[in-house]
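There are 2 protein chains.
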Amino acid sequence: MIANKSTQELYSSFTEKMEQIADVRNAMAVLGWDQETYLPEKGAPLRGQQLTTLSTIAHELFTATELGDTLQELRSRADLTPTQRKNVELSQEDYEKNKKYPASFVADLSQTTNLCYHTWLKARRANDYAEFEPMLARMIQLKKQETHILGFEGHPYNALLNEFEKGATTTMLDTVFDAVKTALTPLLRQIEERPQVNKDFLHLHYERNKQWELGIALLKEMGYDMEAGRQDVSEHPFTTSFNPQDVRVTTRIDEKDFGNMTWSCIHEGGHALYEQGLPMGQYGLPCGEAASLGIHESQSRLWENNVGRSLDFWQHHYPRVQQIFPDNLQQVPLDSFYKGINQVQPSLIRTEADELTYHFHVMIRYEIEKGLLEGTYTTKDLQQVWNRYYLDYLHVHVPNDTQGILQDIHWSHGSFGYFPTYSLGSFYAAQFFTAAQQQLPGLSQQIAGGQYTALLAWLREQIHQYGRFYTSNELCEKVTGNKLDFQYFLRYATEKYKGIYGF
Amino acid sequence: MIANKSTQELYSSFTEKMEQIADVRNAMAVLGWDQETYLPEKGAPLRGQQLTTLSTIAHELFTATELGDTLQELRSRADLTPTQRKNVELSQEDYEKNKKYPASFVADLSQTTNLCYHTWLKARRANDYAEFEPMLARMIQLKKQETHILGFEGHPYNALLNEFEKGATTTMLDTVFDAVKTALTPLLRQIEERPQVNKDFLHLHYERNKQWELGIALLKEMGYDMEAGRQDVSEHPFTTSFNPQDVRVTTRIDEKDFGNMTWSCIHEGGHALYEQGLPMGQYGLPCGEAASLGIHESQSRLWENNVGRSLDFWQHHYPRVQQIFPDNLQQVPLDSFYKGINQVQPSLIRTEADELTYHFHVMIRYEIEKGLLEGTYTTKDLQQVWNRYYLDYLHVHVPNDTQGILQDIHWSHGSFGYFPTYSLGSFYAAQFFTAAQQQLPGLSQQIAGGQYTALLAWLREQIHQYGRFYTSNELCEKVTGNKLDFQYFLRYATEKYKGIYGF
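Residue numbers (full-length UniProt numbering), protein chains in the order written: chain L, 1 to 503; chain D, 1 to 503.
Hints listed in this document are in silico derivations from the structure and should not be mistaken for laboratory results.
In this text the structure is predicted, and so the values were computed from the model without any measurement.
Don't be surprised by glycine CBs; every beta carbon is placed ideally from N, CA and C.
Among the clues, some could well be false.
[As the list claims (entries may be wrong)] So the derived list for chain L, only partly shown, Cβ under 8 Å to chain D, looks like this: (1) D23; (2) V24; (3) E36; (4) Y38; (5) V106; (6) E227; (7) R320; (8) Q323.
[Claimed, not checked] To give a feel for the contact side, a few chain L residues facing chain D, derived at Cβ under 7 Å: (9) E41; (10) G48; (11) N387; (12) R388.
[As the list claims (entries may be wrong)] Mimicking DSS-like on lysine-lysine, the simulated pairs with C-alpha atoms at most 30 Å apart in a straight line are: (13) K17(L) / K100(D); (14) K17(L) / K339(D); (15) K42(L) / K17(D); (16) K220(D) / K17(L).
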């Protein structure tokens with residue numbers, strides 16, 4: 001029956017099903033966005049149930065035998081365009097992966113995740129890792145099971161990494177984080193020997209409304225399309241997309257911290273520009289999705305750091321910011337402002353870390369996750385392991401679990417293999433930005449003039465338009481001529497901090 | 001197989017399926033709410049597709065044979081509680097009705113509705129009924145077909161009425177609207193013979209933020225639970241519920257019209273109190289749903305008019321409102337304010353009509369809908385028919401289609417049989433409020449003191465808690481001892497306007 005259908009017909013039936021699945025998933029994303037922005041307190045429990053129902057439906061649709069058969073048949077057709085073929089191949093991969101999970105495991109994981117998250121919330125409030133430990137142990141057990149369900153080559157952690165960054169392996173990450181350790185440690189020590197730069201002026205009173213207006217202005221100037229998105233306030237800033245024509249960002253505002261809102265806006269703006277740049281005609285299909293979490297993070301980091309913490313960027317924006325907050329900044333020259341916003345200072349909390357020490361935070365989590373999966377560590381050791389790592393790598397003493405091992409939500413959600421993509425994002429960003437500088441003459445002057453059109457067009461052409469057509473590895477090679485190479489970040493960081501700390 | 005299951009088991013499987021359907025429908029409601037409040041412009045087309053997909057899924061779930069079999073078997077069980085039995089009976093009724101629609105008809109109706117709506121938008125902008133007429137004719141054709149799909153006794157219009165108000169018939173409505181015509185016409189003429197009251201002070205400048213704060217304060221004082229809901233701004237005010245713990249209202253603010261925001265807040269607040277009062281334990285089941293549109297409207301109208309336009313109500317609130325807007329209202333005594341907000345003045349636009357002439361607007365639409373279905377009118381006649389009715393009943397001359405036959409969205413949506421529930425709501429409200437006055441000693445003084453706790457508790461106990469357990473007819477008789485009787489509204493209106501216009 002299916003074999004008699006034309007490729008055109010089959011492909012249409014495939015895309016129709018994929019769009020339907022995307023519609024359900026995007027409806028979930030709307031409910032999720034609402035949950036973080038506007039949901040009244042008492043509405044939370046049933047919202048959870050509504051999300052679970054939609055998730056079950058999406059899973060059922062994406063494991064339907066008919067879809068599997070269509071994919072199977074399409075694989076055998078010779079008359080697919082390259083994009084169509086890629087969509088079929090990747091969808092089949094996703095489909096086969098989905099089918100591997102026994103229903104009982106899915107239910108168990110979903111239940112454990114829910115429990116684990118609530119236990120984490122309680123334990124963090126109580127500042128007591130011991131309360132969280134048994135649930136975390138249970139979660140690790142399930143995650144080990146998941147590596148066997150998914151299958152892997154080499155290290156079991158590879159199975160989980162692949163969920164977030166296709167093709168990433170411990171071999172690759174060991175190389176990357178060895179470089180972090182051996183190259184960034186001396187750089188950090190060099191900085192520590194120099195007199196510290198001042199950033200006190202960033203913590204004066206910055207009025208909420210004025211910050212809000214500034215954030216919106218920055219987003220618009222970056223090229224974020226406000227008719228295809230919006231900004232709202234949430235506890236933790238995030239970007240969410242319901243399709244390339246409806247990509248929303250959130251921010252938070254701390255009146256005692258100029259930086260919080262500013263770079264969260266630029267960061268989420270970077271994510272959002274990627275989503276707005278995905279091809280609308282590939283809605284619901286792999287080629288309409290982001291390449292990987294690492295590539296997604298490369299877009300946010302490139303805007304946040306390579307552009308948004310550069311002297312060029314603030315040459316244009318600083319005079320205006322001084323005008324908005326004259327009492328705080330009129331007496332602070334651009335050069336001091338630039339140094340202040342780039343202060344390097346080892347600290348306890350990952351999300352508040354500077355551009356350099358950030359990667360030690362990620363590395364610590366990577367070491368721990370790998371160790372848990374291979375059995376080097378057990379959850380019982382973790383508090384001690386955590387605190388020792390912070391002392392060794394960052395020379396900071398962890399005073400309690402809330403500021404230590406309980407700070408991040410990820411493990412309670414069962415997200416193992418996620419953290420490394422944060423560092424990969426920065427390293428891809430440095431490499432991409434170097435390529436942009438080479439390929440776009442005058443980029444530095446454009447940024448200093450508040451002009452990002454050429455840069456955005458370049459990102460759209462080089463990266464955004466492809467969706468998942470290329471893996472992150474392939475994309476990196478296509479755009480930069482090389483595989484991911486930590487040296488780009490090292491060069492960028494060394495040069496930057498040399499200028500700022502004068503060594 | 002199914003016959004071997006215990007009633008308990010079967011009922012659980014039934015409720016589980018119903019909750020799942022409710023989850024999907026409530027997800028649609030969230031997407032709908034977002035569409036009217038926060039959706040960026042370019043996000044509209046795919047939002048439409050996402051809603052269609054969810055609607056298809058909900059329809060499939062609610063026509064699944066397994067659900068039908070479960071319902072069939074449950075009907076035969078003797079050991080159901082009365083509430084359980086009612087849930088089963090009503091669900092089976094809904095299920096059978098859903099099954100009646102051929103898939104081709106559903107698709108045709110959905111497509112026509114979409115086209116019809118967009119044609120209406122264009123025609124209204126162009127102020128040209130002729131542009132809308134062919135699509136409306138097509139819609140009427142489908143609606144006639146629908147009456148045969150659904151089946152009916154007596155008049156075909158009964159089939160459509162039943163969709164919104166179970167048990168309503170043209171016989172019942174003819175009686176009601178005959179009373180409107182014969183009793184309200186002389187009342188209106190009496191009013192028109194008296195000097196008009198002044199309401200110019202309602203159209204001075206009322207600052208947006210102050211109006212917003214006042215609206216929120218009124219909602220809270222009525223007893224609307226802000227932790228189980230929220231207010232936002234939309235073009236047309238509405239209430240939507242995702243479950244009794246998340247019931248949201250919207251309003252609009254016109255700085256040149258004190259009334260627009262004020263009574264829309266109270267009106268939507270009335271709807272929202274009903275939804276917040278539905279039994280949480282019946283989520284997804286008929287006994288967790290509103291009894292009918294007429295009963296829903298009775299709750300909004302009771303608060304908006306019987307409470308919110310009464311002298312008692314403003315005795316409490318007016319001094320505060322004077323303080324908020326001293327320039328506009330300090331010189332306007334309470335008595336003049338009360339008269340102004342109750343001004344009767346025949347006009348062209350239904351949604352802006354006063355409490356009395358409103359029912360002529362509804363009656364006109366009722367006469368036309370009935371006439372279209374029985375063939376007395378064709379869509380080609382309608383512009384003329386409309387304009388003559390407005391001249392005859394309201395003595396107003398319709399200057400153009402935008403302010404005439406094209407003013408309301410309902411027909412373009414295929415909502416025939418909906419309008420009458422607006423009038424029924426007012427008439428139920430008058431009858432319910434009379435019963436409340438009899439059963440709650442001191443109600444008038446309580447309202448004059450800003451105390452609505454007893455009234456709300458009475459509504460919760462008499463009406464809200466039952467969901468769809470009783471039909472509107474049964475509910476009315478249970479609460480008031482009588483069937484719906486227009487005389488309650490007539491007495492209320494006569495007494496009120498006698499006081500205001502002094503005849």
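Each hint tested on the structure:
Interface hint status for D23(L): upheld, as the beta-carbon distance to the closest one in chain D is roughly 4 Å, under 8 Å. At a threshold of 8 Å, the smallest CB-CB gap from V24(L) to chain D is about 7 Å, leaving the interface hint in force. A least Cβ separation of about 13 Å between E36(L) and chain D goes past the 8 Å threshold, and the interface hint is therefore violated. Satisfaction of the interface hint for Y38(L) is found here, the shortest Cβ-Cβ separation to chain D being roughly 6 Å, below the 8 Å cut-off.
At about 16 Å, the closest approach between the beta carbon of V106(L) and any beta carbon in chain D exceeds 8 Å, and the interface hint on this residue is violated. For E227(L), the interface hint holds, the least distance from its beta-carbon to any beta-carbon of chain D being 5 Å, beneath 8 Å. Given the 8 Å rule on beta carbons, the hint for R320(L) is violated: about 26 Å separates it from the nearest Cβ of chain D. Interface restraint check for Q323(L): the shortest CB-CB distance to chain D comes to about 26 Å, outside 8 Å, so the restraint is violated.
Interface restraint check for E41(L): the shortest CB-CB distance to chain D comes to about 5 Å, inside 7 Å, so the restraint holds. Because the smallest distance between the Cβ of G48(L) and any Cβ of chain D comes to about 10 Å, over 7 Å, the interface hint for this residue is violated. Against a cut-off of 7 Å between C-beta atoms, the interface hint on N387(L) is violated, since the closest Cβ of chain D lies about 40 Å away. A distance limit of 7 Å between C-beta atoms decides the matter here; for R388(L) the minimum to chain D is near 44 Å, and the interface restraint is violated.
A hinted pair counts as satisfied when its Cα atoms are at most 30 Å apart, and K17(L) with K100(D) qualifies at roughly 26 Å. Proximity of K17(L) to K339(D) is assessed by CA-CA distance (about 60 Å); at most 30 Å being required, the pair is judged violated. Under the criterion of a C-alpha separation no larger than 30 Å, the hint pairing K42(L) with K17(D) is consistent with the structure, at around 23 Å. Restraint check for K220(D) and K17(L): not satisfied, since their Cα atoms lie roughly 46 Å apart, outside the 30 Å limit.
Checked against the numbered hints listed earlier, the structure breaks hints 3, 5, 7, 8, 10, 11, 12, 14 and 16; every other hint is satisfied.
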